[in-house]
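From first to last, the protein sequence lines are chains Z and A.
Following the numbering used here, the numbering of the first sequence begins with 1 at its first residue and continues without gaps.
Following the numbering used here, the numbering of the second sequence begins with 1 at its first residue and continues without gaps.
Incorrect hints may have been included.
[Stated by the list, open to error] DSS-like mimics (lysine-lysine), calculated; alpha carbons at most 27 Å apart, straight line:
#1 K401/A <-> K41/Z
#2 K110/Z <-> K215/A
#3 K422/A <-> K110/Z
#4 K415/A <-> K15/Z
#5 K200/A <-> K132/A
#6 K470/A <-> K422/A
#7 K215/A <-> K132/A
#8 K216/A <-> K132/A
#9 K430/A <-> K401/A
#10 K110/Z <-> K89/Z
#11 K216/A <-> K110/Z
#12 K200/A <-> K41/Z
#13 K124/Z <-> K89/Z
#14 K30/Z <-> K41/Z
#15 K220/A <-> K200/A
#16 K64/A <-> K470/A
#17 K64/A <-> K132/A
#18 K401/A <-> K415/A
[Claimed, not checked] Restraint-style ranges between C-beta atoms, simulated for each label pair:
#19 A104/A <-> T92/Z: 25 to 33 Å
#20 L238/Z <-> K64/A: 13 to 21 Å
#21 T92/Z <-> E396/A: 15 to 23 Å
#22 G211/Z <-> R420/A: 25 to 33 Å
#23 D377/A <-> R17/Z: 38 to 46 Å
#24 K215/A <-> L238/Z: 37 to 45 Å
#25 D114/A <-> L238/Z: 35 to 43 Å
#26 I446/A <-> L238/Z: 55 to 63 Å
#27 P51/Z <-> D219/A: 28 to 36 Å
#28 R44/Z <-> A104/A: 45 to 53 Å
#29 K64/A <-> G211/Z: 34 to 42 Å
#30 E201/A <-> Q81/Z: 34 to 42 Å
[To be verified] Covered stretches of chain A, as calculated for chain Z (at least 3 residues, CB under 8 Å):
#31 306-312
#32 339-351
#33 463-474
#34 514-520
Please keep in mind that the hints were generated in silico from the structure rather than gathered at the bench.
Small disclaimer: the values here were computed from a predicted structure and weren't measured.
We put the beta carbon where it would ideally sit given N, CA and C, even for glycine.
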Amino acid sequence: MTPSDNMEKEAPGRKEREWLDRLVAESLAKQEQWMDRIAEKLGRRRLAEPPVRPFRGAPDFWQQHASSREETIRTFIAHFQAAGGRVVKAGTMDGALDLLAEEIRRRHAKRVIIAGQPELRVLKETAAEAEVTVWNEAGAAGSRDAIAKAAEADIGVIIADYAVAATGSIVVASSPAKGRSVSLLPPALFAVVPVSRLKSRLGEVFADFDGMPGGGGLPAGIHFISGPSRSADIENDLTIGVHGPGEVLAVLVEDAAD
Amino acid sequence: MLESGFPPCGMRFAETEVGGVTPEAHGTSADKGSVRQRAVRALADDFLRGAVKRTTERLRAGKKSASEDLGRWEDWRERGRQIRLHTIAHLDHYLRVFAENARANGAFVHFADDGAEAVRIALDIAAMRGAKTAVKSKSMVTEEIHLNAALASAGVEAVETDLGEHIIQLAGELPSHLIIPAIHKNREQVADLLSADAGKELPPDTAALAGYVRKKLRDKFLSAEIGVTGCNFAVAETGSVVIFENEGNARMVSTLPETQITFMGMERIVPSWADLEVMASLLPRSATGQRLTVYMSGISGPRRGDDLDGPEQLHIIIVDNGRSRQLGDPVFQELLNCIRCGACLNACPVYRHIGGHAYGGTYSGPIGAVLTPALTDHAGWNDIADASSLCGACYEACPVKIPLHDMLVELRRRKAEAGRSKPVEALAMKGFAAVMAAPSRYRRAIRLARVAVRPLSRDGGIRIRIGPFKAWNEQRIFPSLPEQTFRERYRTLEQELRAGLADLDEAVRHRTEERLMARLMARTVNRPGGMPDRMETEPEPDAERSGLPLDERMPGEMAATAIQDMTRSGMARDDGKPACNDGREGGQS
Numbered sequence: 001m002t003p004s005d006n007m008e009k010e011a012p013g014r015k016e017r018e019w020l021d022r023l024v025a026e027s028l029a030k031q032e033q034w035m036d037r038i039a040e041k042l043g044r045r046r047l048a049e050p051p052v053r054p055f056r057g058a059p060d061f062w063q064q065h066a067s068s069r070e071e072t073i074r075t076f077i078a079h080f081q082a083a084g085g086r087v088v089k090a091g092t093m094d095g096a097l098d099l100l101a102e103e104i105r106r107r108h109a110k111r112v113i114i115a116g117q118p119e120l121r122v123l124k125e126t127a128a129e130a131e132v133t134v135w136n137e138a139g140a141a142g143s144r145d146a147i148a149k150a151a152e153a154d155i156g157v158i159i160a161d162y163a164v165a166a167t168g169s170i171v172v173a174s175s176p177a178k179g180r181s182v183s184l185l186p187p188a189l190f191a192v193v194p195v196s197r198l199k200s201r202l203g204e205v206f207a208d209f210d211g212m213p214g215g216g217g218l219p220a221g222i223h224f225i226s227g228p229s230r231s232a233d234i235e236n237d238l239t240i241g242v243h244g245p246g247e248v249l250a251v252l253v254e255d256a257a258d
Numbered sequence: 001m002l003e004s005g006f007p008p009c010g011m012r013f014a015e016t017e018v019g020g021v022t023p024e025a026h027g028t029s030a031d032k033g034s035v036r037q038r039a040v041r042a043l044a045d046d047f048l049r050g051a052v053k054r055t056t057e058r059l060r061a062g063k064k065s066a067s068e069d070l071g072r073w074e075d076w077r078e079r080g081r082q083i084r085l086h087t088i089a090h091l092d093h094y095l096r097v098f099a100e101n102a103r104a105n106g107a108f109v110h111f112a113d114d115g116a117e118a119v120r121i122a123l124d125i126a127a128m129r130g131a132k133t134a135v136k137s138k139s140m141v142t143e144e145i146h147l148n149a150a151l152a153s154a155g156v157e158a159v160e161t162d163l164g165e166h167i168i169q170l171a172g173e174l175p176s177h178l179i180i181p182a183i184h185k186n187r188e189q190v191a192d193l194l195s196a197d198a199g200k201e202l203p204p205d206t207a208a209l210a211g212y213v214r215k216k217l218r219d220k221f222l223s224a225e226i227g228v229t230g231c232n233f234a235v236a237e238t239g240s241v242v243i244f245e246n247e248g249n250a251r252m253v254s255t256l257p258e259t260q261i262t263f264m265g266m267e268r269i270v271p272s273w274a275d276l277e278v279m280a281s282l283l284p285r286s287a288t289g290q291r292l293t294v295y296m297s298g299i300s301g302p303r304r305g306d307d308l309d310g311p312e313q314l315h316i317i318i319v320d321n322g323r324s325r326q327l328g329d330p331v332f333q334e335l336l337n338c339i340r341c342g343a344c345l346n347a348c349p350v351y352r353h354i355g356g357h358a359y360g361g362t363y364s365g366p367i368g369a370v371l372t373p374a375l376t377d378h379a380g381w382n383d384i385a386d387a388s389s390l391c392g393a394c395y396e397a398c399p400v401k402i403p404l405h406d407m408l409v410e411l412r413r414r415k416a417e418a419g420r421s422k423p424v425e426a427l428a429m430k431g432f433a434a435v436m437a438a439p440s441r442y443r444r445a446i447r448l449a450r451v452a453v454r455p456l457s458r459d460g461g462i463r464i465r466i467g468p469f470k471a472w473n474e475q476r477i478f479p480s481l482p483e484q485t486f487r488e489r490y491r492t493l494e495q496e497l498r499a500g501l502a503d504l505d506e507a508v509r510h511r512t513e514e515r516l517m518a519r520l521m522a523r524t525v526n527r528p529g530g531m532p533d534r535m536e537t538e539p540e541p542d543a544e545r546s547g548l549p550l551d552e553r554m555p556g557e558m559a560a561t562a563i564q565d566m567t568r569s570g571m572a573r574d575d576g577k578p579a580c581n582d583g584r585e586g587g588q589s
């Protein structure tokens with residue numbers, strides 16, 4: 001429970017706090033009842049030790065499969081594009097940022113929201129034709145403003161935390177600098193993807209999450225993004241950009257210091 | 001017809017179930033009529049049938065190519081099944097671990113025994129947070145517990161934000177497909193619904209319609225106090241809720257409102273992210289043929305410290321609502337393995353004809369036919385299990401190998417044993433059992449039936465549409481009993497064959513019989529416990545060495561089989577030469 005910052009809403013009052021405490025107590029009691037009942041239904045006592053697992057995760061052949069860096073890059077590009085995304089390559093981070101500034105100019109974007117990652121700040125100068133806002137530039141007090149800026153932006157720019165070749169996905173994890181809204185609200189998303197962060201399988205990324213038990217540092221929101229938002233809900237007819245960005249560009253950076 | 005085994009096929013109850021069924025017989029489904037009545041309505045809707053057919057075929061083709069693209073699909077399926085089996089078998093452990101980790105992440109965890117309790121908790125939260133509007137992403141659990149109606153009666157507007165769900169909500173209907181809720185609506189109908197909503201005429205153009213919904217819902221996302229989501233999987237070891245979606249609405253719902261309420265079936269658990277990789281490989285491919293849905297979000301608690309978006313308060317309501325009824329059930333426990341992909345709907349010949357609404361519940365298709373009665377008490381809904389051909393296509397399609405067709409048979413069995421069959425049907429089955437108890441009774445019954453139906457049959461078929469023939473004969477012709485059954489004809493056939501064999505040249509016959517016997521003996525020696533169902537491809541030297549007089553080892557039945565084998569393999573050919581004189585079996589044609 002974080003007391004919220006700027007807005008109308010204050011930190012939970014005493015009444016709400018008491019209510020929440022009561023909910024927690026109820027939940028703990030109920031949990032014991034439930035687990036006893038489940039064990040009884042399963043015809044045994046409650047487990048004292050974690051069950052032994054003869055296997056974990058994907059089949060062995062998949063976990064053992066290794067692919068070269070080139071193959072992984074090729075696969076990522078093919079899969080990301082197959083889902084409707086666009087991939088361009090850049091040699092260095094500087095090259096990637098020039099390329100992004102050029103894309104922003106070419107589109108005559110009026111407003112751009114960028115994540116608060118230091119590398120991206122240069123866009124405030126290089127893409128100055130547009131109004132470039134840094135997600136967390138107003139600090140912790142600017143929550144509603146930041147969301148409003150993201151909502152009216154034409155383009156959101158972020159540096160991805162990972163990418164996955166097998167599924168053609170880029171991965172963004174939330175933090176104060178990397179708002180979830182940056183990769184969600186604008187109609188176009190530009191993501192910088194250092195090749196060093198590109199993995200061949202989902203499991204290689206997931207391995208970093210396992211071993212981070214509750215309260216152990218996992219970000220609140222981890223989002224795997226595989227192409228533009230889509231729907232086929234009306235007569236099976238593909239629509240792009242229903243709620244999330246309709247355009248997704250990944251800039252693969254060969255040689256980015258990580 | 002009767003020779004091939006009566007009842008002839010799995011659809012029998014649905015077929016013989018004629019109109020005028022008393023509502024009591026159908027329990028909770030009574031208000032919507034029987035499965036049969038709903039199916040008849042669906043079959044009369046040409047658009048529905050065409051749309052369901054097109055969409056399910058596209059989804060099936062997508063699944064096929066996506067699973068081939070992944071490779072070793074059967075290995076993935078088996079691993080998926082193992083993980084689900086293991087998790088459910090140790091659910092008390094994993095569910096507790098999940099709850100504790102989710103709490104450590106800062107989430108509030110609630111346990112709801114049934115729909116009413118889940119609704120009560122949600123309304124409590126809405127009241128405490130002063131909510132006027134709740135935006136919802138797709139959640140079958142909330143359909144199951146009728147959350148929207150409850151929120152509305154508490155003065156909270158609930159807005160479905162998945163495009164298909166939104167359309168269904170405007171129409172006041174239930175989803176008719178797990179993945180494509182508005183599969184049964186065409187774009188003109190959608191345009192009418194959205195035009196009425198917009199208060200201006202919208203063209204029946206997909207982009208324009210989706211554009212209207214996008215704009216309308218964007219305002220809702222930004223202003224709603226509560227976001228309601230479902231949960232595809234919950235990772236025990238990190239306390240994370242994982243949501244798969246394509247539109248981005250679930251991300252909106254879990255990013256913008258200050259309070260998030262996530263509804264989760266108690267069986268949604270996977271132990272670790274490593275195990276999630278298997279589910280993430282199976283679910284999107286089986287559901288829509290995608291490598292991964294456009295968005296897969298892992299949500300671990302409310303926003304952290306200085307995060308500027310994401311909910312301040314996250315509530316996870318874990319719902320039982322009949323699920324724990326399956327635990328420990330030798331047949332139905334596997335039902336909890338379901339990952340709600342909808343592949344069984346797309347594969348099911350019945351679903352593909354009648355669509356989802358004919359099933360009359362929250363869940364449709366083969367999974368719905370089993371899940372709906374299982375989540376309630378097996379009592380009402382008892383006609384849903386009849387809407388199946390028991391062909392097993394659902395099992396073949398299931399990414400975690402749930403034997404749905406076996407479960408359907410079991411449901412029917414339990415229904416009959418509980419005395420819930422219709423009286424006429426129960427009586428018919430009793431008569432059937434009595435007739436089948438002794439061969440002589442059976443033969444007499446057949447002879448009697450032949451005489452009885454003679455006045456009704458014409459050109460080998462019975463066409464009347466009254467009594468027991470009514471439902472069947474509306475679509476086809478019931479074959480009348482033949483003058484001679486196969487069994488009766490077989491006696492003559494056998495004699496003719498024997499006579500034919502005697503006519504063979506003496507020497508040829510001798511040689512043929514000798515070889516035949518040698519092979520037969522070898523097979524009996526090699527494979528104790530009965531006759532093989534096919535000829536071996538190599539001659540067996542053991543048989544030659546056995547040295548016993550052939551005649552002594554030739555039981556009558558073996559001889560009969562030998563004769564059949566001979567004729568099948570073309571031994572008694574015109575030229576009189578045995579077909580397998582090179583020692584190879586030439587037959588099997």
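To see whether the hints hold, each was checked on the structure:
no.	hint	in the structure
1	K401/A <-> K41/Z	holds (23 Å)
2	K110/Z <-> K215/A	holds (19 Å)
3	K422/A <-> K110/Z	violated (70 Å)
4	K415/A <-> K15/Z	violated (51 Å)
5	K200/A <-> K132/A	holds (26 Å)
6	K470/A <-> K422/A	holds (17 Å)
7	K215/A <-> K132/A	holds (20 Å)
8	K216/A <-> K132/A	holds (17 Å)
9	K430/A <-> K401/A	violated (35 Å)
10	K110/Z <-> K89/Z	holds (25 Å)
11	K216/A <-> K110/Z	holds (23 Å)
12	K200/A <-> K41/Z	violated (56 Å)
13	K124/Z <-> K89/Z	holds (22 Å)
14	K30/Z <-> K41/Z	holds (16 Å)
15	K220/A <-> K200/A	holds (19 Å)
16	K64/A <-> K470/A	violated (40 Å)
17	K64/A <-> K132/A	violated (44 Å)
18	K401/A <-> K415/A	holds (24 Å)
19	A104/A <-> T92/Z: 25 to 33 Å	violated (41 Å)
20	L238/Z <-> K64/A: 13 to 21 Å	holds (19 Å)
21	T92/Z <-> E396/A: 15 to 23 Å	violated (51 Å)
22	G211/Z <-> R420/A: 25 to 33 Å	violated (51 Å)
23	D377/A <-> R17/Z: 38 to 46 Å	holds (40 Å)
24	K215/A <-> L238/Z: 37 to 45 Å	violated (19 Å)
25	D114/A <-> L238/Z: 35 to 43 Å	holds (39 Å)
26	I446/A <-> L238/Z: 55 to 63 Å	holds (58 Å)
27	P51/Z <-> D219/A: 28 to 36 Å	violated (48 Å)
28	R44/Z <-> A104/A: 45 to 53 Å	violated (27 Å)
29	K64/A <-> G211/Z: 34 to 42 Å	holds (37 Å)
30	E201/A <-> Q81/Z: 34 to 42 Å	holds (38 Å)
31	306-312	holds (count 6)
32	339-351	violated (count 0)
33	463-474	violated (count 0)
34	514-520	violated (count 0)
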